[in-house]
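Undergrad: Sequence:
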Amino acid sequence: MHTEIWRLVLVCLFSLLFGFSLGIPFELFLAGVVLYVLWTFRVITLIFNWIDKGMRGIPPDSDGVWGEISDTLNRQRRRHRRTQEKMRRTINRVTRLTEALNEGILVLDSDLTIDWWNGSAAKLLGLRPSDRNSPVINLIRDPAFVDYITQKEFDGTLKLRSIGQSGRMLQLCASFFGEDEIVVVITDISRLD
278 MHTEIWRLVL VCLFSLLFGF SLGIPFELFL AGVVLYVLWT FRVITLIFNW
328 IDKGMRGIPP DSDGVWGEIS DTLNRQRRRH RRTQEKMRRT INRVTRLTEA
378 LNEGILVLDS DLTIDWWNGS AAKLLGLRPS DRNSPVINLI RDPAFVDYIT
428 QKEFDGTLKL RSIGQSGRML QLCASFFGED EIVVVITDIS RLD
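Here my numbering runs 277 ahead of the position in the sequence shown, where the first position is 1.
Don't read these hints as lab results, they were simulated from the structure.
Fair warning: this is a prediction, and the values are worked out from it, not measured in the lab.
There's no promise every hint is true.
Unchecked claim - Under the rule of at most 30 Å between Cα atoms (straight-line distance), these lysine-lysine pairs were calculated in the BS3-like manner:
(1) Lys436 with Lys400
(2) Lys429 with Lys400
(3) Lys363 with Lys330
Unchecked claim - Quick list of the computed label-pair ranges, beta carbon to beta carbon:
(4) Gln361 with Asp432: 34 to 42 Å
(5) Gly331 with Phe453: 33 to 41 Å
(6) Pro406 with Val342: 45 to 53 Å
(7) Ala421 with Asn351: 44 to 52 Å
(8) Lys429 with Arg373: 29 to 37 Å
Note that CB positions come from ideal geometry on N, CA and C, so glycine has one too.
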């Protein structure tokens, strides 16, 4: 900011002094201010064009307050990309972890539509990609399941025959999380029965 103030002061002083020597101080002062404003608008336009292009590459070369602003935006962009990459790695890790589980995991939205599931849940319940966003009670119509999943509070577990694999007995354990979302853990208990 100090650089920008000094730059403006120097332009004004130079314009006034040069204007006094020519006998037109006000006109040259005004011309100096107009040139400074035009130069500032040019720098601002370069910075906004860089922002509009997704802040790719290096920011426009400038100093003073506009240089500080573009450098700060560039640092924020790099920090944001690092955070995104960290989140992407975490999501991939959690996905690999849930896919490695023998238990099925089914995530339902607050309206009981299917939001997400792991591979084990797909096998045990016979889920297909087209089942995403479908009401779970349209896919699992067992009255005991409908009563269980529509409870206000989940207490205990539910035993249910597998839809996806005949002859298998499943144990379902549901609980609320997030904003009234439901996670259902599905365990194959066929060998235990």
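Undergrad: Hint by hint, note whether the structure agrees.
TA: These are the hints, each one checked on the structure:
| no. | hint | result |
| --- | --- | --- |
| 1 | Lys436 with Lys400 | holds (17 Å) |
| 2 | Lys429 with Lys400 | holds (28 Å) |
| 3 | Lys363 with Lys330 | holds (24 Å) |
| 4 | Gln361 with Asp432: 34 to 42 Å | holds (40 Å) |
| 5 | Gly331 with Phe453: 33 to 41 Å | holds (39 Å) |
| 6 | Pro406 with Val342: 45 to 53 Å | holds (52 Å) |
| 7 | Ala421 with Asn351: 44 to 52 Å | violated (58 Å) |
| 8 | Lys429 with Arg373: 29 to 37 Å | holds (34 Å) |
Of the numbered hints listed earlier, the single one contradicted by the structure is hint 7.
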